[in-house]
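*Asks:* Generate the whole structure from the sequences, applying the supplied hints.
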Amino acid sequence: MLKTLSTQIFGEVRTGTLTRLPFLAMIFIILMSFVLFILTTVLLIGIGEHVVSGDLQQAQKVITEWLSIPYLIVFSVFIAFVTFAQANVVAKRIRSIGLPGWWVILIAIIVNVFVLYFFAEKVASLLQGCFYLAVLLLPEKTIK
Numbered sequence: 025m026l027k028t029l030s031t032q033i034f035g036e037v038r039t040g041t042l043t044r045l046p047f048l049a050m051i052f053i054i055l056m057s058f059v060l061f062i063l064t065t066v067l068l069i070g071i072g073e074h075v076v077s078g079d080l081q082q083a084q085k086v087i088t089e090w091l092s093i094p095y096l097i098v099f100s101v102f103i104a105f106v107t108f109a110q111a112n113v114v115a116k117r118i119r120s121i122g123l124p125g126w127w128v129i130l131i132a133i134i135v136n137v138f139v140l141y142f143f144a145e146k147v148a149s150l151l152q153g154c155f156y157l158a159v160l161l162l163p164e165k166t167i168k
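First residue of the sequence shown? That's 25 in this note's numbering, and the numbers climb one at a time after it.
Keep in mind that a hint or two might mislead.
Simulated restraints on C-beta separations [what the hints assert, rightly or not]:
no.: 1; residue 1: I133; residue 2: R44; range: 16 to 26 angstroms
no.: 2; residue 1: L150; residue 2: L130; range: 18 to 28 angstroms
no.: 3; residue 1: F143; residue 2: I71; range: 37 to 47 angstroms
no.: 4; residue 1: F142; residue 2: I97; range: 14 to 24 angstroms
These are calculated hints, taken from the structure and not from any lab test.
Where is the CB? At the ideal position from N, CA and C, for every residue including glycine.
*Replies:* Next up, the structure:
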C-alpha cells in the first residue's frame with residue numbers, strides 16, 4: 025500500500041490520472057504531512073525551551089542555533105517535496121478531466137501571480153480556492 029501511495033503522489037508524472045476520491049485523499053495526506061512537520065518543529069522548540077529551564081535568553085540562543093542553516097536546508101527540501109507532490113497530484117486530476125495537466129498548472133500559477141501582483145492577496149487566495157474546487161468537482165473524461 026505504501027508503494028502505491030508513493031507512486032500516486034510522486035510517480036507517473038506524465039501519464040497518471042486520479043478520480044475525485046483518491047485526489048481528495050492524496051491532497052489530504054500531503055496537507056497532513058505538512059502540518060505534522062510544522063507541529064513537530066514547534067514541539068521541538070518547546071522541548072528545547074523546557075530543557076534550558078525556562079531561561080528566556082538561553083532558550084532564544086538555543087533556538088537560534090537550532091533553526092540555523094541545517095534546519096533551513098531540511099525545511100527547504102521538505103517544502104520542495106510537498107510542492108512537487110501537490111503539483112503532481114493536481115496534474116493527474118486535471119489529466120483525468122481531459123486537459124493537459126502541467127500546462128494547466130503553469131497557466132494557473134501565472135494567472136495567480138498576475139492577480140496577486142495587481143490585486144489583493146485575498147483575491148488570489150479566493151482564485152486558488154476556486155481552482156481547487158473546480159479541479160475536484162469537474163467530471164472525469166469518459167472514453168468512447
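*Asks:* I want to verify a distance hint. Is the separation of the beta carbons of I133 and R44 within 16 to 26 angstroms?
*Replies:* 23 angstroms, holds
*Asks:* Go ahead and decide if the range 18 to 28 angstroms is satisfied by the Cβ distance of L150 to L130.
*Replies:* 20 angstroms, holds
*Asks:* Looking only at beta-carbon atoms, does the pair F143, I71 fall within the given range of 37 to 47 angstroms?
*Replies:* 42 angstroms, holds
*Asks:* Is the distance from the Cβ of F142 to the Cβ of I97 consistent with 14 to 24 angstroms?
*Replies:* Violated - the Cβ-Cβ distance for F142 and I97, about 34 angstroms, lies outside 14 to 24 angstroms.
Of the numbered hints given earlier, the model fails hint 4 alone.
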